[in-house]
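Undergrad: Model the full structure from these sequences, guided by the hints.
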Amino acid sequence: MRNNLILPLFICVFICSCKTEHKNEYTNIADLKAIYSSGDITKWPAPNLDSTVNKETFKDIGALPKLQHPEYNPFSQEKSKLGKTLFFDPRLSVSGQIACASCHNPELAWTDNSTRSFGHDRQTGARNSMTILNSGFAHSLFWDGRASSLEDQARFPIGDPLEMNEKLNIAVDKIAEIEGYKPLFEAAFGNDTISLERIQFAIATFERTVNSYKTRFDKFVEGDSTKLNNQEVLGLHVFRTKGRCINCHNTPYFSDNQFHNDGQTLFGTKDEDFGRYNVTKNMDDIGKIRTPTLREVARTGPWMHNGHFPSLLDVVQFYNLGNPAVVQKKYLGKGRDSLIPTNSPILKKLDLEKNEIEALIAFMETLSSSRGRTLIPQLPQ
307 MRNNLILPLF ICVFICSCKT EHKNEYTNIA DLKAIYSSGD ITKWPAPNLD STVNKETFKD
367 IGALPKLQHP EYNPFSQEKS KLGKTLFFDP RLSVSGQIAC ASCHNPELAW TDNSTRSFGH
427 DRQTGARNSM TILNSGFAHS LFWDGRASSL EDQARFPIGD PLEMNEKLNI AVDKIAEIEG
487 YKPLFEAAFG NDTISLERIQ FAIATFERTV NSYKTRFDKF VEGDSTKLNN QEVLGLHVFR
547 TKGRCINCHN TPYFSDNQFH NDGQTLFGTK DEDFGRYNVT KNMDDIGKIR TPTLREVART
607 GPWMHNGHFP SLLDVVQFYN LGNPAVVQKK YLGKGRDSLI PTNSPILKKL DLEKNEIEAL
667 IAFMETLSSS RGRTLIPQLP Q
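Per the working numbering, the very first residue in the sequence shown carries number 307; after that it's consecutive.
Calculated from the structure, these hints are not laboratory results.
Do not rely on the hints blindly, as some may be mistaken.
The list that follows gives simulated cross-link-like pairs (lysine-lysine, PhoX-like), each with its CA atoms no further than 20 Å apart [stated by the list, open to error]: (1) 548 x 660; (2) 548 x 365; (3) 387 x 533; (4) 548 x 654; (5) 349 x 372; (6) 525 x 365; (7) 576 x 636; (8) 576 x 635; (9) 660 x 576; (10) 349 x 525; (11) 525 x 372; (12) 520 x 533; (13) 349 x 361; (14) 548 x 361; (15) 533 x 349; (16) 655 x 548; (17) 349 x 548; (18) 387 x 525; (19) 576 x 372.
TA: Shown next, in the form of structure tokens:
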């Protein structure tokens with residue numbers, strides 16, 4: 307009889323002990339703060355990684371390193387100066403009114419803080435404008451990844467009918483006719499020949515200089531435990547564990563540079579967007595969107611590729627529900643059902659508590675840095 311009581315009692319004590327330990331990893335914030343600010347990432351708690359994430363290539367979040375310019379387009383001050391001038395020059399557009407900076411305003415974290423940008427003849431763009439901050443760390447550009455590099459990306463807005471709406475050869479000719487550009491090209495490239503490739507390379511060089519200052523998060527994980535308060539430390543821990551954010555928003559860039567369906571295809575509606583599929587025509591890519599960086603995320607709203615989320619709370623609550631992607635019945639049975647996308651298996655209902663949601667948002671706000679002043683260049687004549 308005594309032995310029969312001991313076993314259930316042992317099991318009960320073991321279960322209670324496990325629950326207490328799980329609770330303690332949230333309540334003992336002092337320990338978490340010490341671990342995360344130790345400067346030694348090997349001491350951090352294990353991230354909650356989905357089975358679909360490649361554990362061999364996975365890289366955890368951390369302080370953003372110094373950006374390395376590619377060998378095929380090395381950095382020079384002269385080339386960056388030229389690229390900055392071109393970035394702010396509306397004469398690349400057919401109307402002479404729209405520059406790269408029209409949608410990527412340095413005063414607005416290099417976005418325009420609009421749901422969707424206005425382009426040529428006040429047409430509305432198809433997607434929300436992404437910030438160019440830290441874009442040198444991206445492996446592909448645009449929400450659908452259609453550009454393989456910043457150099458490649460630079461040509462798309464010029465020729466896009468919804469944006470600058472100019473023929474590429476005409477844009478080059480217009481720049482070549484401006485005498486004031488010739489010494490800038492000569493300083494950047496060794497002679498004053500003006501070509502599309504040189505315009506692309508100069509703009510890309512400038513864009514690689516548009517990077518965040520050190521954030522409070524960066525300073526914290528590098529060893530300064532005073533930079534994050536207890537709520538923000540809890541948010542960091544939730545980000546890597548229960549919240550599962552780490553599965554897509556990893557590496558110091560806070561993006562895996564991959565494509566996932568986040569439940570925002572909006573199948574059948576006027577805002578339907580098949581994302582990566584529009585580029586590859588691969589059925590597996592229907593609805594997939596490139597993972598955006600979370601650096602500067604507090605400053606780059608509204609959020610998601612369609613700009614439909616006006617607050618970070620809206621975004622977190624959507625993910626907390628498991629990214630429901632309901633298709634209305636009126637859009638079914640019209641010969642397009644094979645195009646109905648499937649959400650990424652990484653996305654699951656999270657059951658985050660109110661304090662965890664608040665902590666998660668507080669942590670994400672530590673990923674934004676102070677705004678530096680950008681001097682607008684004088685355009686050549």
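Undergrad: Where does the structure disagree with the numbered hints, that is, which hint numbers, in rising order?
TA: Violated: hints 3, 5, 9, 18 and 19.
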